[in-house]
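Required output: the full structure, derived from the provided sequences and hints.
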Amino acid sequence: MLKHLLYCSYTPPSLLFSRTFSSTLFVKGISFSSTEETLTRAFSQYGQVLRVDLIMDKVRYRPKGFAYVTFSSDEEAGKALLELNGQLVDGRVVILDTTNASKHNRPDSKPKHAGGHS
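Numbers given in the working numbering equal positions in the sequence shown, counted from 1, plus 1.
To be clear, the hints were calculated from the coordinates, so they are not data collected in a lab.
Each residue gets a CB set at the ideal place from its N, CA and C atoms; glycine is no exception.
Fair warning: there could be bad hints in the mix.
[Stated by the list, open to error] Simulated DEER-style distance windows between Cβ atoms:
id: 1; residue 1: L83; residue 2: V60; range: 17 to 25 Å
id: 2; residue 1: Y62; residue 2: E84; range: 30 to 38 Å
id: 3; residue 1: G92; residue 2: M57; range: 17 to 25 Å
id: 4; residue 1: R61; residue 2: T39; range: 13 to 21 Å
[Unchecked claim] With a straight-line cut-off of 25 Å between C-alpha atoms, the simulated SDA-like cross-links for lysine to any residue are:
id: 5; residue 1: K29; residue 2: Q88
id: 6; residue 1: K80; residue 2: D58
id: 7; residue 1: K59; residue 2: S23
What follows is the structure, encoded as structure tokens:
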């Protein structure tokens, strides 16, 4: 058993996050009462929040239940992902992900025109 422990590899979280995570997190499960300010306050415990994009329902004038939170570094986003995922924010359990967040940051992430003439 000791031999197994000697050959165990360890990657520091800072190196892991810098290679695999972006500085933007996709956050779902957000309360309808959440605001950009309350989300900034909750996430700033884990690093410098540069931007919160709270996606709003334009008909009901309330959050749709998800947002994108951008940190100043990948490491800060990774720390928030590890510590805040599955925790309560504004009374709701939030789920954090990096997969959808990377799509949000791409220049071509806007919906394309579907059919018809321009």
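Against which earlier hints does the structure fall short, listed by number upward? Of the numbered hints, 1, 6, 7 do not hold.
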